[in-house]
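A.B. asks: Here is how the chains run, residue by residue.
Protein chains: 4
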Amino acid sequence: MKFLHSKSRLEALSDGVFAFAATLMVVNIGADTNITSFKDELPNFISFAVSFFVMMGIWKVHYNFFRRTNYIDNWIIALNMILLFTVLFYIFPVRSLLSTGFGGQRINIDEFSNIFQLYSIGFSLIFLSFCLMYFRAFKNDKNLKLLFYSRHFFIFIIVGIISFILAKFQIGLRYGVPGFVYILLGPLCYFHSVKFHKKHNLEY
Amino acid sequence: MKFLHSKSRLEALSDGVFAFAATLMVVNIGADTNITSFKDELPNFISFAVSFFVMMGIWKVHYNFFRRTNYIDNWIIALNMILLFTVLFYIFPVRSLLSTGFGGQRINIDEFSNIFQLYSIGFSLIFLSFCLMYFRAFKNDKNLKLLFYSRHFFIFIIVGIISFILAKFQIGLRYGVPGFVYILLGPLCYFHSVKFHKKHNLEY
Amino acid sequence: MKFLHSKSRLEALSDGVFAFAATLMVVNIGADTNITSFKDELPNFISFAVSFFVMMGIWKVHYNFFRRTNYIDNWIIALNMILLFTVLFYIFPVRSLLSTGFGGQRINIDEFSNIFQLYSIGFSLIFLSFCLMYFRAFKNDKNLKLLFYSRHFFIFIIVGIISFILAKFQIGLRYGVPGFVYILLGPLCYFHSVKFHKKHNLEY
Amino acid sequence: MKFLHSKSRLEALSDGVFAFAATLMVVNIGADTNITSFKDELPNFISFAVSFFVMMGIWKVHYNFFRRTNYIDNWIIALNMILLFTVLFYIFPVRSLLSTGFGGQRINIDEFSNIFQLYSIGFSLIFLSFCLMYFRAFKNDKNLKLLFYSRHFFIFIIVGIISFILAKFQIGLRYGVPGFVYILLGPLCYFHSVKFHKKHNLEY
Chain V
1 MKFLHSKSRL EALSDGVFAF AATLMVVNIG ADTNITSFKD ELPNFISFAV
51 SFFVMMGIWK VHYNFFRRTN YIDNWIIALN MILLFTVLFY IFPVRSLLST
101 GFGGQRINID EFSNIFQLYS IGFSLIFLSF CLMYFRAFKN DKNLKLLFYS
151 RHFFIFIIVG IISFILAKFQ IGLRYGVPGF VYILLGPLCY FHSVKFHKKH
201 NLEY
Chain Z
1 MKFLHSKSRL EALSDGVFAF AATLMVVNIG ADTNITSFKD ELPNFISFAV
51 SFFVMMGIWK VHYNFFRRTN YIDNWIIALN MILLFTVLFY IFPVRSLLST
101 GFGGQRINID EFSNIFQLYS IGFSLIFLSF CLMYFRAFKN DKNLKLLFYS
151 RHFFIFIIVG IISFILAKFQ IGLRYGVPGF VYILLGPLCY FHSVKFHKKH
201 NLEY
Chain W
1 MKFLHSKSRL EALSDGVFAF AATLMVVNIG ADTNITSFKD ELPNFISFAV
51 SFFVMMGIWK VHYNFFRRTN YIDNWIIALN MILLFTVLFY IFPVRSLLST
101 GFGGQRINID EFSNIFQLYS IGFSLIFLSF CLMYFRAFKN DKNLKLLFYS
151 RHFFIFIIVG IISFILAKFQ IGLRYGVPGF VYILLGPLCY FHSVKFHKKH
201 NLEY
Chain H
1 MKFLHSKSRL EALSDGVFAF AATLMVVNIG ADTNITSFKD ELPNFISFAV
51 SFFVMMGIWK VHYNFFRRTN YIDNWIIALN MILLFTVLFY IFPVRSLLST
101 GFGGQRINID EFSNIFQLYS IGFSLIFLSF CLMYFRAFKN DKNLKLLFYS
151 RHFFIFIIVG IISFILAKFQ IGLRYGVPGF VYILLGPLCY FHSVKFHKKH
201 NLEY
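Chains as they are written, first to last, in my numbering: chain V, 1 to 204; chain Z, 1 to 204; chain W, 1 to 204; chain H, 1 to 204.
Please note that the accuracy of each hint is not assured.
[Said to hold, decoys possible] Taking lysine-lysine and the PhoX-like style, the derived pairs with C-alpha atoms no more than 20 Å apart in a straight line are: (1) Z:Lys-199 with Z:Lys-145; (2) W:Lys-7 with Z:Lys-7; (3) V:Lys-60 with V:Lys-145; (4) H:Lys-7 with W:Lys-60; (5) Z:Lys-198 with Z:Lys-145; (6) H:Lys-198 with H:Lys-145; (7) Z:Lys-198 with Z:Lys-142; (8) V:Lys-142 with V:Lys-60; (9) W:Lys-7 with Z:Lys-60; (10) Z:Lys-60 with Z:Lys-7; (11) V:Lys-60 with Z:Lys-198; (12) V:Lys-7 with V:Lys-198; (13) V:Lys-7 with H:Lys-142; (14) W:Lys-7 with H:Lys-7; (15) H:Lys-60 with V:Lys-7; (16) W:Lys-142 with W:Lys-199; (17) V:Lys-139 with V:Lys-7; (18) W:Lys-60 with W:Lys-142; (19) W:Lys-198 with W:Lys-145; (20) H:Lys-142 with H:Lys-198; (21) W:Lys-198 with W:Lys-142; (22) V:Lys-7 with Z:Lys-199; (23) H:Lys-60 with H:Lys-7; (24) Z:Lys-145 with Z:Lys-60.
[Unchecked claim] Only part of the chain H face toward chain V is listed, based on derived beta-carbon distances under 8 Å: (25) Ala-19; (26) Met-56; (27) Arg-67; (28) Gly-179.
Rather than coming from a laboratory, the hints here were simulated on the basis of the structure.
Glycine is no exception: its CB is placed at the ideal position from the N, C-alpha and C atoms.
All chains should be built: construct the whole structure from the sequences, respecting the hints.
C.D. replies: Quick look at the structure:
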């Protein structure tokens, strides 16, 4: 006897985590705000805004995955947990880093390298989870769109790893090359999309 | 191949954010309450009550939108995110401002002007999101009720901008004119409603 | 054109508030726990346990209401908001009061009277919300069970008010009479139930 | 007249508690993170990771229960509350204990014994809730799989109690015997599974 998986519960848990993390980010901004200090909050505002919309972006990717497939098994649940863990572990330090960054604090070249390494790992881990979730769903649904997205997010992982290596060996770090390398995502994803759709005779 | 949007997930995320923000507002009230200080909490009580019911009011407007249409696309999701962001960014400072206000702290005329400017922007942004969400839904559902609400919330934006301008140039600020201007919402919405229903031969 | 109300969203918002408030209550317990202090946490443990299960009890009453009717309108939404507000406003001070109480701090007779007054008001407000919600639902569903529960919770309000009056005039306060008066709920609800079911020929 | 229980609301409340507790665990990590201290966060990282995945493991067991049965009554709701209470009460101290543990702080043998006692009680209570929930559901559904899981989690309780006794009388505590005793879960559950399936002629 088989028991059905409940997509709605996994979504509810994930939505809960995203909603709380988004809300918690803003809490300490207003905590000791008084009237005069409100203008000084600009670096906090920008860092909160960036983290909030990054988080909502990840939520959107998560949301898209569960629109595209109804297949759920223990592997997808486990990958979803790893995704949530990575998001939670990264999002709060991201905000405080951004906040100190916009606050104008000076950092040296080694610290700069460390930051890029840490966030390249986080970036790669998040999209590794999505890549494997799509691949796992594809193995069962046999829907080519799922394979397409699995490969699409694989490009994200590769670019994250390139950024990590550049940051590790401090190649062009002074000019922000490990950051600018993410621009590669645009053309790479475009070429992959064109090739994939031609090969499998898919519509866009 | 098209994948359906999931209204329930967008609602779940939004409900999570609203529920969490409402709960967090009350937390620091009780944190260091002991028996004797309970009576001194009156300014906190009022500011919590006002922020809580303002928030629940915004939730009700949000709830009404999703009752009136089932149409969801990426634009509506993006506008919903901006709405949540504005609510989260404003609600906590609102509470602490109210709390210091009821606590009897003196503020000068420039600070008073700044407060009105900031909250007029927030007010306008929240209803701009709703106005555009209704308009986007109308473009697809072609339900005249949706156009009505889009224009209804457009009046809110206008009044918010008038309040901002009055506060900016400190016109009648000493008598609270930028605050009283919100009374205009009543007659303006009434006239709009009468005109709109007559023009399109709609029932109320 | 009428738009349907969404029971699930109101439930989701309420469940969110209950879930977060329950979770938040426990947070500061573990925050600075180290190994040696764990045993000293007994008063915190008891106060957390009492507040948690009181809260879950209120959740259960809320849950029962929405099982018994599908009727929702703006009145029920507004009453639900007032209920959530009262719960949030009371639950955190309850915990800290219990915590100081079990911590063995001495309080004088006037403070003792104030506590009973405050919590009698909270108790009455919570069940006033439920009473009116059931009555509102009864007016539309015409299901006698809903009328029964409306009157059932009306008894709770009465007992809360009696407790308030006793505490206010410090009648038997030294012996905890304003607390013991809640024992009346048992026989009063029993008599009401017997009479109501006989009068309307209802089964139990 | 009977009113139906709502499985979705009980799930929503539980998911809310799990999601929120998981999110809160990570919050204080990032709060005062600056660039240089990020590397020093390793003990925090490990303790957060362990607590997060323990919590997600308990969520999975909870999720499985509600997949396997649709039966809900007041007993199951009450047991579910006790489960949530135990999880909330234990998860935050677990994290801070782990965090001090990995931080290299020295603890003496009596404290070590106390920790094992406390966590054996928590472990047993969590699985006692699951055991009784499955048994309650079995009494109504008469599905042998539910009886199997009830007995399966009964083994967990027994092992928890053995660990408690070993820790209490400090038997082999120096070598971590009360911890290693949990390895017994593997063979015991395997034997139980084989015997149960043979006796009732069930497939795996």
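A.B. asks: If a hint holds in the structure, say so; if it does not, say that too.
C.D. replies: So, going through the hints one by one against the coordinates:
A C-alpha spacing of about 13 Å is found between Lys-199 of chain Z and Lys-145 of chain Z, which places the hinted pair at or below 20 Å, so the restraint holds. Note on Lys-7 of chain W and Lys-7 of chain Z: the hinted pairing holds, with a Cα-Cα distance of about 14 Å set against a maximum of 20 Å. Restraint check for Lys-60 of chain V and Lys-145 of chain V: satisfied, since their Cα atoms lie roughly 17 Å apart, inside the 20 Å limit. Under the criterion of a C-alpha separation no larger than 20 Å, the hint pairing Lys-7 of chain H with Lys-60 of chain W is consistent with the structure, at around 13 Å.
Only pairs whose Cα atoms come within 20 Å are accepted, and Lys-198 of chain Z paired with Lys-145 of chain Z is accepted, the gap being roughly 13 Å. Among the hinted pairs, Lys-198 of chain H with Lys-145 of chain H is consistent with the structure: their alpha-carbon atoms are about 13 Å apart, no more than 20 Å. Our distance criterion of 20 Å between C-alpha atoms is met by Lys-198 of chain Z and Lys-142 of chain Z, whose separation comes to about 18 Å. Proposed proximity of Lys-142 of chain V and Lys-60 of chain V is contradicted: the alpha carbons are some 23 Å apart, above 20 Å.
A hinted pair counts as satisfied when its Cα atoms are at most 20 Å apart, and Lys-7 of chain W with Lys-60 of chain Z qualifies at roughly 13 Å. Among the hinted pairs, Lys-60 of chain Z with Lys-7 of chain Z is consistent with the structure: their alpha-carbon atoms are about 16 Å apart, no more than 20 Å. For the hint pairing Lys-60 of chain V with Lys-198 of chain Z, the CA-to-CA distance comes to about 41 Å; that exceeds 20 Å, so the pair is violated. Distance hint between Lys-7 of chain V and Lys-198 of chain V is unfulfilled; the C-alpha atoms sit about 33 Å from each other, more than 20 Å.
About 26 Å separates the Cα atoms of Lys-7 of chain V and Lys-142 of chain H, which puts this hinted pair outside 20 Å; it is violated. The straight-line distance between the Cα atoms of Lys-7 of chain W and Lys-7 of chain H is roughly 14 Å, inside the 20 Å bound, and the hint therefore holds. With a C-alpha separation of about 13 Å, the suggested pairing of Lys-60 of chain H with Lys-7 of chain V holds against the 20 Å cut-off. Note on Lys-142 of chain W and Lys-199 of chain W: the hinted pairing holds, with a Cα-Cα distance of about 16 Å set against a maximum of 20 Å.
Restraint check for Lys-139 of chain V and Lys-7 of chain V: the C-alpha separation of about 18 Å stays at or below 20 Å, so the hint holds. For the given pair, Lys-60 of chain W sits about 23 Å from Lys-142 of chain W by alpha-carbon distance, which is inconsistent with the 20 Å threshold. Using a Cα cut-off of 20 Å, the hinted pair Lys-198 of chain W and Lys-145 of chain W holds, with the two alpha carbons roughly 13 Å apart. For the hint linking Lys-142 of chain H to Lys-198 of chain H, the alpha-carbon distance of about 18 Å falls within 20 Å, and the restraint holds.
For the suggested pair Lys-198 of chain W and Lys-142 of chain W, the alpha carbons sit about 18 Å apart, so the restraint of at most 20 Å is met. Distance restraint check for Lys-7 of chain V and Lys-199 of chain Z: the Cα-Cα separation of roughly 46 Å exceeds the 20 Å cut-off, and the hinted pair is therefore not satisfied. A C-alpha spacing of about 16 Å is found between Lys-60 of chain H and Lys-7 of chain H, which places the hinted pair at or below 20 Å, so the restraint holds. Restraint check for Lys-145 of chain Z and Lys-60 of chain Z: satisfied, since their Cα atoms lie roughly 17 Å apart, inside the 20 Å limit.
The closest approach between the C-beta of Ala-19 of chain H and any C-beta of chain V is roughly 3 Å, which is under the 8 Å cut-off, so the hint is satisfied. Satisfaction of the interface hint for Met-56 of chain H is found here, the shortest Cβ-Cβ separation to chain V being roughly 5 Å, below the 8 Å cut-off. Hint status for Arg-67 of chain H relative to chain V: holds, with the closest Cβ pair at about 4 Å, below 8 Å. Residue-level restraint check for Gly-179 of chain H is violated (minimum Cβ-Cβ distance to chain V is 24 Å; threshold 8 Å).
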